[in-house]
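What follows is each chain in one-letter form.
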Amino acid sequence: MSSGDSGPSSSKQLVQQPAAAGRSPNQPPLLGAGGRKVIVLKSGDEEEFEVDLLDAMQSRTLRRAIEDGCGDGPMPLPNLTGPVLAKVVELFRRHRGDPRWADELQETEKEGMFKDYAPQKPTAEVKGFDREFVSVDRDALFDLLRAANFLEAPGLLDVTCDAAADAVMNMTVEEVREYFGLVNDYTPEEEAALRKQHEWAFQ
Amino acid sequence: MERWPGLPPDVLASIMARLDLVDQVRMSAVCAGWRLVAMDSSRRPPPLPALWLLLPQRCNAAAPPLFEFASFSEGMRRYAIGRAPGLRYGDCIGSSEGWLMVVDALGGLHAVDPITGVRIPLLSDGIVLTEGDSAAAPVYRYRRSIFVPPRGSGGGSAVAAAVIRLRDAEFPELTFARAGVNAAWVSPEVAFPGFEDIAAHDGKLYALSSDSRVVVFDLGSDPSSSAPPAVSVIQTEPDRRRFQRKHLGVMAGNLVMLQWRYCGPCPFRLRRCIPEFQVLRLQRGPEPKWVELKDLGGHAILLGTDGFTAVHTGEFPELRSNCVYSLVQASDDDGGGSVLEVVELQSRAVAVEPLCETSAAPIWFLPIRNSFSAPWINWQPAKLSPMLAGKL
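Going down the list, the sequences are from chains A and B.
For the record, in the first sequence the residue sitting at position 43 is 43 according to this note's numbering, with numbers rising by one throughout.
For the record, in the second sequence the residue sitting at position 312 is 515 according to this note's numbering, with numbers rising by one throughout.
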C-alpha cells in the first residue's frame, strides 16, 4: 500500500460503488456515471476525486457543506493534498455502514435520506483495511490525523488516533518528544519536580 | 519550532484518551503544552487510596473504547482511561486487588490494570455461543473472579487466581490456578450443590457453598510451590432462612458473609423494594458458627453485582461506617438507570442516589499500584485438570 505522502500522481480516481437505495426524491440530483449520487472533492494540489454522497456524509464538515448546497461543483479542500485525500476517500468507501458514525446516520435519517443504509459491525475485512491504512510513516500518519480533524470524520479519527496511541504507548518521554518534534520547554528543575510529584508513573 | 507541528489539541486529546493512566501522566512531562492536555480535569492522577466506580461502557460506537470511572472519593470526578487493544469491547464482571476482570468477545477472562495498562490473560477456554454453533464446547458465564494475596501481604501481589463460573448455565463451578509460568487451572470436584462466592485473605482461598459450608484452600505464600494446597472444610449449622443471595468476604481478618432478601417497599420509590441485609461473622472454634453482626467496627460494605468488599471508613472518610453501599439497576418503572442504595445496618435507614442512566450497574474499583511479579505476565493459561478430584 502506498503511503500518504508518496502516493500515485493520478489526476483522477473514480470510486466504483453501486448506488445505495432509498434516497429521498427531493434531494438535489447529483448524478454521476451509472446514476449514482456523487460529489467531487478537489484537493489543494488540484486533484479531483469522485465520492459517493453517502460516503462523504461520514465527514461532518462535508455534510455541512453538502447541506448548504455546496455539493454541485467540485468542492475545494485546500488543506488536503491529493495522496491524503485519495486515502481518505478510500476509507470512507470501505467504512460504508460502519457503526462508528451511526450517530451521524441517525441525524440524517430524520430527514429520510438513508433509510436502507443500516449500520453494520466492522467486518474482519474492514479491520484488516484499517490496519493497513495506518501502516504508514509518521508524517503520513500526522497528515491523516490532521485530515480527520479538519473533516470531523469519527471513523477516520478513530483509526488514526488508535495508531498514534499505539505508537506512543511504549515510548519514553524523550522518544515522544522526538516523535512529535517537540521541544522540552521545562527547566530541569521544573521537570524534576514534575517527575517527583508523579513518581509512581515514571518508574 | 512549532509547539506541536500542526497536531490540533483536540486530536492530541483523542490520542491521550486511548492511553492508560500511567502513560497519560508520563505524557504530561513531554512539554508544558502537553501537560495542559494530559492534566485536564479528567486526567489528573488519583490520590490513593481512592474509591472508583467503573461506569458501564457507553453503547455509542462512535466513542473511543474507554474505561470510564467516576471517583467516589473526589465528588464523582471522571477518569477516562484507554482500553488495551484486544479488550476494546470486553465486558467487565468485577474487580479484585486493583485489577478489573474483563471477559473478551470470545469468552476469555483477563485481568486488566487500568492504571498501568498491564493485562494478564487468565482463562481462555470459554466459548461464546454464536448462531449455528454446535453445543460441543461448554459455555461459561463468569460470576466472580478474584486474586489471592500471599500470606502476610499488604496487597500488590498474588499467589493465585480463582474464578466461579456457570458451566452451560448450570451449577456454579469453582476453578483456581496458582501463579507461575506453567499455571494450571484446577477444579476441585465437590459433593456440594455448588459454590456461591469466593473470598481470599492471607494466602487462603475461601469458597462458600450453597449450603453455607466454607471450603478453605491454603495456597500459602510461595507461588512456585508445587505441593497441592491443603484443603479443609468448615461445617456450620445450615441456615434455613430464605435469602436471595449470599456473598463471602473478609473484614478485619475475619471471614464475613453478607446475605440479603427483599422486604418492605422503598420509602422513595413505591414500586421498588429495598433489600434487607444481614452480615454474619464466622466464629471459629470447635463448633464454628455464623454470628450476626450489628456493628461493623468502623467498616462499610461495598456491594456490587459480583460480590462485596469491606473497607474501613478511616481510610475512606467519604463512606459512613456500618452501612452497606449497593449498586443496583433501577427498574423501568422507576425510570431505569442505576442507583446507589445506602442502607444503615442497625437502623435500616435508607438513602438512594442516582448514578448514571445506563442499563447496567457500575462496578466498584479500588485502584492500587500493582506490582505483580513476572510469572503472571508470562502466564500461559493451561487446560483444566481436576487435580483435586476425590480430595473432598
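Treat the hints as calculated values from the structure; they're not laboratory data.
You may find that some hints are simply not true.
What the hints assert, rightly or not - Residues on chain A that point at chain B, a partial pick, calculated with CB under 8 Å:
(1) Val40
(2) Val176
(3) Phe180
Source: prediction; values computed, not measured.
Where is the CB? At the ideal position from N, CA and C, for every residue including glycine.
Item to check | Hints not upheld, ascending by number | outcome: 1
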